[in-house]
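Protein chains in written order, with the working numbering: chain Y, 24 to 313; chain W, 24 to 313.
Be careful, since some hints might not be right.
Intra- or inter-copy, both count: the list cannot distinguish identical chains.
[Unchecked claim] With a Cα cut of at most 27 angstroms, we get these calculated BS3-like pairs of lysine-lysine:
no. : residue 1 : residue 2
1   : K172      : K230
2   : K146      : K198
3   : K166      : K198
4   : K249      : K166
5   : K172      : K269
6   : K166      : K230
7   : K172      : K198
8   : K249      : K146
9   : K269      : K146
10  : K172      : K146
11  : K230      : K146
12  : K76       : K198
13  : K269      : K166
14  : K230      : K249
15  : K76       : K172
16  : K76       : K230
17  : K76       : K269
18  : K76       : K146
Please keep in mind that the hints were generated in silico from the structure rather than gathered at the bench.
Number of protein chains: 2
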Amino acid sequence: MSTLKSGILRSSMEVGSRYDFRNGPKPLKNTDDLRLILLGTGDAGGVPLYGCKCPACERARFDPRFIRRPSTALVESRGTQVLIDAGLVDLVERFPPGSITAILLTHFHPDHVQGLFHLRWGKGPRIDVGVPPDPEGCADLYKNNGLLKFQRLQEFSPALFGDVRATPVPLMHSKMTFGYCLEAASARIAYLCDTVGLPSDSIEFLKQWQPDCVILDCCYPPLGRKPRNHNDVHTVLESADAIGAKRVILTHVGHELDLWLMDHAGTLPRHVAVGRDGMVIDDRNTEPSR
Amino acid sequence: MSTLKSGILRSSMEVGSRYDFRNGPKPLKNTDDLRLILLGTGDAGGVPLYGCKCPACERARFDPRFIRRPSTALVESRGTQVLIDAGLVDLVERFPPGSITAILLTHFHPDHVQGLFHLRWGKGPRIDVGVPPDPEGCADLYKNNGLLKFQRLQEFSPALFGDVRATPVPLMHSKMTFGYCLEAASARIAYLCDTVGLPSDSIEFLKQWQPDCVILDCCYPPLGRKPRNHNDVHTVLESADAIGAKRVILTHVGHELDLWLMDHAGTLPRHVAVGRDGMVIDDRNTEPSR
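The whole structure should be built from the sequences, with the hints applied where relevant.
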């Protein structure tokens with residue numbers, strides 16, 4: 024793991040890195056307070072994309088550190104483990120029964136819930152699954168919920184999952200979608216995926232809430248048109264500016280963005296880093312530098 | 024691989040076996056004619072079931088030959104490869120672009136289609152997917168079909184996929200479901216899953232069609248009540264008798280049936296074998312022994 028004092032992760036140093044909030048001589052705090060691990064940072068097709076021969080996909084076939092699985096995060100705080108989204112299809116192998124405090128779903132698209140189709144039939148303690156109040160869900164998940172105990176959350180109403188307080192904020196996507204403002208002790212991380220831009224009430228909330236770090240959907244390289252359903256590099260930077268984000272990490276990255284980054288990673292602002300599967304974001308400096 | 028002249032596969036010899044139709048001194052035919060590989064033989068929860076400590080689940084954790092993945096078959100005939108169902112979540116790793124002639128879906132429950140959620144976003148030649156005329160499909164598969172070209176099939180109307188002729192027969196399940204009568208040269212295999220019992224018109228068709236081998240849904244051990252949606256050992260034997268099946272292989276096996284089989288495998292009739300992931304069913308003797 025490499026730790027960069029500048030807080031900027033670049034090209035090869037991004038891979039498997041620990042993202043460090045330090046950008047000054049602040050003392051380290053208890054790293055148990057809040058930690059987020061990006062288990063997956065890919066879009067629905069992932070990287071490598073099936074059948075694609077572009078240099079970014081070929082690189083990921085050659086070097087598994089560049090693989091991007093479905094966007095998923097694990098939030099940890101002392102004994103609490105909260106999973107954000109469930110698109111990884113090997114959840115039953117990663118998490119023994121009883122090890123997950125709760126799951127928070129951003130929305131019900133298959134690449135964010137497909138790991139539940141299998142997990143739900145298991146035995147053991149029921150799992151609380153916080154979700155946006157989407158009446159449809161996905162396939163038969165509501166009807167045949169098995170182990171899962173769905174709990175409809177309300178926008179801007181915080182809910183406690185173990186030691187982690189999560190406040191849902193509405194996002195802009197083709198299905199009802201929540202981002203989550205995650206808080207433990209004095210550490211704050213916002214996870215905002217899937218979205219293109221941000222609704223004005225979410226912008227206002229986030230400006231006030233002042234997260235230490237924002238994980239933001241960015242699927243595409245800069246496009247010549249307004250992107251649909253997911254941010255491109257233009258709209259992600261606009262959103263980051265709108266909420267005054269001090270630290271930004273991009274997720275839900277598609278292979279075309281990876282291809283663009285092979286030549287343009289250095290053009291991103293210094294407070295913006297590209298997420299990687301396995302990246303650890305912790306609270307070594309939870310106090311914002313403002 | 025072990026080959027049993029009796030055509031009966033028992034307990035430890037079932038594992039990774041080649042199922043041989045020979046039960047007499049008939050000459051071998053061209054084994055390229057028709058071959059079916061059971062890639063998965065499990066129910067929706069699979070074996071081992073997440074969190075279950077029963078001896079059948081513990082055995083599968085200890086010895087991967089007893090793992091049961093979602094029920095899936097690969098039908099091969101010379102250059103043709105037809106996949107039956109798509110519940111395996113690693114299809115993109117198993118099948119390079121262009122390697123699959125077509126996919127036949129029995130129905131749209133998640134454990135039979137979940138591998139398509141990822142595969143569909145890939146690049147390369149489009150894949151024909153023959154399906155029952157279910158207006159709903161599963162989640163957004165119809166809406167965002169990507170690589171997939173859905174083709175609604177009609178019951179009892181044969182369709183040709185490469186060298187394989189497939190005739191859909193209606194089954195009895197909680198969602199519209201087709202079994203497939205698969206034929207190449209003179210070899211005939213019927214794949215009938217998911218189902219509890221069989222509709223009378225399918226029984227009539229199968230009695231006339233006289234398959235060399237029937238792959239049949241059997242999820243449960245003998246139950247004291249009429250099973251729902253899937254066969255138990257009683258109803259699977261009734262169905263096999265009703266169509267006059269000469270050879271039967273059980274699939275869609277749940278952990279409770281595996282547990283029962285640990286003590287009762289020898290009680291199954293001699294023409295009935297229990298499927299295993301990886302079992303190869305070929306046409307070494309495609310001529311029925313009648």
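Structure versus earlier hints - violations, ascending order: Hints 1, 5, 6, 9, 11, 12, 13, 16, 17 contradicted; others consistent.
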